[in-house]
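Here the structure of chain A is known, so what remains is to put chain B in place on it, guided by the hints.
Protein chains in written order, with the numbering used here: chain A, 1 to 566; chain B, 1001 to 1039.
No lab work stands behind these hints: they were computed from the structure.
Quick caveat, the model's predicted, so the values are computed rather than measured.
It cannot be assumed that every hint is accurate.
Ranges of calculated distance between the beta carbons of each label pair, as one might list FRET restraints [unchecked claim]:
no., chain 1, residue 1, chain 2, residue 2, range
1, A, A186, B, A1018, 27 to 35 Å
2, B, R1032, A, I121, 38 to 46 Å
3, A, R557, B, N1014, 39 to 47 Å
4, A, R557, B, P1010, 42 to 50 Å
5, B, P1009, A, I94, 20 to 28 Å
6, A, P380, B, N1014, 55 to 63 Å
7, B, R1032, A, S526, 31 to 39 Å
8, B, P1009, A, R26, 31 to 39 Å
Think of the CB as a built atom: it goes at the ideal place given N, C-alpha and C, for glycine as much as any other residue.
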Amino acid sequence: MTAADWLVMLATVIGIVAYGLWTTRRHHSGSDFIRGGNDLKWGTIGLSVMATQASAVTFLSTPGQSYEQGMAFVQNYLGLPIALILVSAVFIPIFFRLKVVTAYEYLGQRFDQKTRLLGAILFLLQRGLSAGITIYAPAIIVASILHWPLAPTIILTGFFVILYTVTGGTRTVSLTQKYQMLTILAGMTIAFAYVVKGLPDFVTFDDALYLAGMNQRLDTVNFSVDPGERYTIWTGLIGGTFLALSYFGTDQSQVQRYLAANNTTSSRIGLMFNAVLKIPMQFGILLLGVLLFVFYLFHQPPITFNRGSIEQVPQEIRAPLEARYTEAFEQRQAVLRTAVEQRSAGEEIPPETKAQIQQLNDEIAEQKSAFKSALVAANPKASKQDADYVFLSFVLENLPSGLVGLLIAVIFLAAMSSTASELNALASTTMVDIYKTLIHRTGSEKHYVWITRIFTLGWGILAVGFAMTLKLFENLIEAINIIGSLFYGTVLGLFLIAFFIKKIQGHAAFFGGVCAEIMVLGLYFSPIDIGYLWFNLLGCALTMVIAYLAQILLDSRRSASSLSQT
Amino acid sequence: MTHKNPTEPPIRWNRVYAGILVWLTVMIALMRWLMQSYS
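Bound conformation, chain A alone (with noise of 0.2 Å):
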């Protein structure tokens, strides 16, 4: 990085977050820190649900995601509209009417104080661990290329967020991410324009799509009914649905961003703008990585895009892959290259420039899976996989000094507007639901401030901690859909019981309740391969099936016993 992309990088990032502190300074009431003052207008609600969301796993890993394996990752996004109809029509109304603070208090107000403490729980449990790779993430990948410490650049990050998210609360979160959401759209938009401008002069647009459907990139709508392939139009309209029925309706982190609307119309409108936005933001960032792929189909990219990593690859094992690996790249340029100006022409690409086109891709992917085994042979602690780093590497490759500096803010930006509202979240639910219902139920608005306060300090400083000793999934962005389809199925199948079937009461809806995550959780662990985002729909299926029965057994215990009395 230049002096000028330091200067863009901080003025960005510490810019906004001072600008958020400014304008919230007189707002620190109970009200304002935990519940945003009550008068935030649709379009910060909206833009600041939309970056609780999108955190930095959005934009680093999403792209890698279609780099490596095409479209099809949209789909998990296509229950999203479907989730927030419900949410606007059903969970608003009831949140506002019962004026409550967390989506918690309603179970409790519903059921007993067991049950919302366990929807409390489960909450903290599963946003806890997500706040350590909100945070960790970035930092990897970040640290990895641009050779930063990675100890220090988690501490940082995670540093600056408490600052503000403590001195702050919801209102400043809130602002600051209209903002920060602002800044990170505009940089995306900057730098698909700039995968587009680097593609050779030979390659259209239109180019660019035939050969990145060539190479199985554009298969973005699957059909197929087997439950065992993670993404299709069924697991994302059925599983996905359930998915973010449980985020934005009973996730404190989303709940607590249009709690602070200042009426129910405004908190629906910000969730209709995400019903609107949501996919086609998603589908840019995921053809981005598409077009990534093309950009690297005429120029040659690394071995592994983890740079840091090649090194670690003895030279006498290295250099041989790397020399084979240059010779079919620079074999498929060029039949690329004809095959490109056949089309233009006119031409059809014939079967046999394709199969040749397959073969020199099975070579190189061949190569490129050698030097990873290499890899992990030299060190058993690497990770085999690059996706994560394609974005980073082509903005630190290609894009002009002080932009690279854009860049490298919109993904601080990113990780910072989640994890802000995951601490903000996290402090709120442990303030109201448990030390305020269990510890000290008469104390002032000040001391609930401060406590809150003390508690987004504590959970920052875990989040931290838990980043600090964190490894790389697979793919960050499916690590963190596992862990949320993992708790979220138990808990909206809570809120589903409260608001429709009156029949459950406590002891029933809790029982329900524990034995699904039990379920859910032997499931996932056993050898039994299902999509994770059907794990939704089951932990959710589950905890209403079974506290449905466990009514009916109450039930027929308590006549059996009123008759024995008479």
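Same frame as chain A, now just chain B:
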């Protein structure tokens, strides 16, 4: 707390939701078309 202008018509949320579902269908159709055009 902002006060709603009484002359503004209330939002017909069912229509908004229906519009969103139509939008979702259009997006799926467009993605499918893209895939089929370039496969």
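Quiz prompt | Hint numbers not upheld by this structure, sorted from lowest to highest | solution = none
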